[in-house]
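Chemist: Single-letter residue listing:
Number of protein chains: 2
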Amino acid sequence: MSPWSAARPGDPLSAVDTPALLLDLDAFERNLQRMATALAGSGVRLRAHAKSHKTPEIALRQVAMGAVGICCQKVSEAAVFIEAGIRDILVTNEVVGRVKIERLVGLAGKARIGVLADSAAPVAELARAAAAAGVAIDVYVEVDVGRRCGIAPGEPAAQLAAQIASLAPLRFAGLHVYHGPAQHLRSVAERTAAISFATDCARVSRDAVLARGLRCDTITGAGTGTFLLERDSGIYNEVQAGSYALMDRDYADNQRGPDDLGFEHALFVRTMVMSVSGGSRAVVDAGLKASSLDSGMPAVWQRPNWRYLKASDEHGVIEVTASAPPALGEALMLIPGHCDPTMNLYDELICFRGDRVEAVWPIAARGALL
Amino acid sequence: MSPWSAARPGDPLSAVDTPALLLDLDAFERNLQRMATALAGSGVRLRAHAKSHKTPEIALRQVAMGAVGICCQKVSEAAVFIEAGIRDILVTNEVVGRVKIERLVGLAGKARIGVLADSAAPVAELARAAAAAGVAIDVYVEVDVGRRCGIAPGEPAAQLAAQIASLAPLRFAGLHVYHGPAQHLRSVAERTAAISFATDCARVSRDAVLARGLRCDTITGAGTGTFLLERDSGIYNEVQAGSYALMDRDYADNQRGPDDLGFEHALFVRTMVMSVSGGSRAVVDAGLKASSLDSGMPAVWQRPNWRYLKASDEHGVIEVTASAPPALGEALMLIPGHCDPTMNLYDELICFRGDRVEAVWPIAARGALL
Chain A
1 MSPWSAARPG DPLSAVDTPA LLLDLDAFER NLQRMATALA GSGVRLRAHA
51 KSHKTPEIAL RQVAMGAVGI CCQKVSEAAV FIEAGIRDIL VTNEVVGRVK
101 IERLVGLAGK ARIGVLADSA APVAELARAA AAAGVAIDVY VEVDVGRRCG
151 IAPGEPAAQL AAQIASLAPL RFAGLHVYHG PAQHLRSVAE RTAAISFATD
201 CARVSRDAVL ARGLRCDTIT GAGTGTFLLE RDSGIYNEVQ AGSYALMDRD
251 YADNQRGPDD LGFEHALFVR TMVMSVSGGS RAVVDAGLKA SSLDSGMPAV
301 WQRPNWRYLK ASDEHGVIEV TASAPPALGE ALMLIPGHCD PTMNLYDELI
351 CFRGDRVEAV WPIAARGALL
Chain B
1 MSPWSAARPG DPLSAVDTPA LLLDLDAFER NLQRMATALA GSGVRLRAHA
51 KSHKTPEIAL RQVAMGAVGI CCQKVSEAAV FIEAGIRDIL VTNEVVGRVK
101 IERLVGLAGK ARIGVLADSA APVAELARAA AAAGVAIDVY VEVDVGRRCG
151 IAPGEPAAQL AAQIASLAPL RFAGLHVYHG PAQHLRSVAE RTAAISFATD
201 CARVSRDAVL ARGLRCDTIT GAGTGTFLLE RDSGIYNEVQ AGSYALMDRD
251 YADNQRGPDD LGFEHALFVR TMVMSVSGGS RAVVDAGLKA SSLDSGMPAV
301 WQRPNWRYLK ASDEHGVIEV TASAPPALGE ALMLIPGHCD PTMNLYDELI
351 CFRGDRVEAV WPIAARGALL
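Sequence lines, in order, name chains A and B. For the first sequence, the working numbering assigns the number 1 to the initial residue and increments by one for each residue that follows. For the second sequence, the working numbering assigns the number 1 to the initial residue and increments by one for each residue that follows.
Fair warning: there could be bad hints in the mix.
Stated by the list, open to error - Cut-off 20 Å, straight-line C-alpha distance, at most; resulting in silico cross-link-like pairs (SDA-like, lysine to any residue):
#1 A:Lys310 / B:Gly146
#2 A:Lys310 / B:Asp144
#3 A:Lys310 / A:Gly279
No wet-lab data here; the hints were simulated from the structure. These figures come from a predicted structure and were not determined experimentally.
So here's chain A without its partners, still in its complex pose (with noise of 0.2 Å):
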């Protein structure tokens, strides 16, 4: 990591080093209280997800304002959190292997863990390794909705929620129901007819367990694009989102329904025009390495005539047209495409409020892979 900060609490904006990754804090703020306002009074909890910015500040803030808790997506960031205070994690992932397993379980001790699960023979590892350390675990069926992990709706989904139930100190807590390739279709007609698909998925995998004479008393899922409908289903009763927090390019493409809560951009990539050839085009200090590329380009903050055009590791090429010509030095504004993968890029988060640097918080989850 580099051996100095971008900046320290108290130095104006203009004076942070480049490339630096931002957070505007009265944005982030009032991305908290739109989050808290909108699942106000509907029975239906928020578990923030931290994958979205791995930073612990972030994290108790959002407990703070009403989260039950968070997921995270790896064992290694949930021991992370829990460092920080977190008490109260889901694993929003299958964890298998005795390794993983050893060290899940022995969070299951410092704070609430949960897990997903969507086959039998690593419940029964868990069961093992949770007995032999005298924890209890959450364990939810993840419900495959989007072809990549879970376990097939409705009866597949009850027998193994049964498998659970019968494996004390597990406890079947529940059903995760995420529809993740729903969460950046562009129009909301089809994010509508998405999330109507994973309801579906869950009433009948809850019915299924109901049906067993078993309990099922959360149904999980839910992100940034979508968690209004999960809100609104009648069958969710928690939500998942951590973008919102934050806000990237990706998510701001998506076209906005009459009830959008207008989330803003909070987090941004500082950078610095680092060479200029007299044309129209200039060269930024802020490529891949600080701006991922996964989600497309990164957007210009408030210049029009500016477009990102393309980055390599360590430089990204800007385009200018119609306004004056770039100047060598001058710093500018990125809107990451993908909040998530860029916080992973970067040890420190630099908070600003107006023109001021007001904290530096350690991203401290970034690069937990285990």
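Based on these hints, arrange chain B on the given structure of chain A.
Modeler: Just chain B now, with coordinates in the frame of chain A:
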């Protein structure tokens, strides 16, 4: 970062947690030897590019095998390698702005430091800062051959060289003529034509420099895809290859010429099957946070019927044809699409020999963006 390591020295390879980044030490050492042999007696030096690996232990071995020093892309990377004992570093990038220039100058008291320039203003600022600090800095004129950074070949380059030479304590050290896009042109003929063009740019610039009565000691450039062409150009006397030590899928996709040196894949992502649906698809625990996708999907190592189809942040989807279906918990090795940004995703490199872990090296310059 993860609170625990994927492996410890002495562990069997089969016990390495997943996903993890692995270096095959035997293949790596053979690659270093191949490079040394290729340059022996040619009069062309190696200045190995450390942006490929970001790992001091690798840089130290490259220097021990004859490299005159290393290249870095960022001032903060250079600081990391100096801390590890490297004493000759060329920052193959323009350095712009007071903060970055002062940090670069600060390093020049600890190691021989070179940097690129493609315009006059930063050179003047660098000269003032170096004079104030009482240190000398090597400055290379970057000649534009690939339409990113750089100044036009010939007179414009020579004029900038003259400016540098007039500004003690700066030293005009030579020309940086690197053709990035040429590295992955697939056919030998295309790469040959591109480097012929770059060589022409270098020659006309060198001649213009010499015509001004200046020396032009070093002409540096080249990457793993083309360095034999620069070696034999009669113009270049330093090459900057870096990926040769590791080799990625993108380089392996290049058509190999008759004098190909046979660099081997030495860098792998170890991953595990974490979900199976019973069909021909499996989900592994290495997604785009474990293997950078900017140059395409990773390849599956030594399993001709397995194909890595697509990735999300934490998952990869594998399609298996004409062989036994994948088993839950089964481990496999991936060859990353692009080694540089993949190294940037990990904090440690698990080095193995045969079937045993021999060392764990910190990827100390990962995330050094400033």
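Chemist: Hints first: check each against the structure and report whether it holds.
Modeler: Each hint tested on the structure:
no., hint, in the structure
1, A:Lys310 / B:Gly146, "holds, 14 Å"
2, A:Lys310 / B:Asp144, "holds, 17 Å"
3, A:Lys310 / A:Gly279, "holds, 17 Å"
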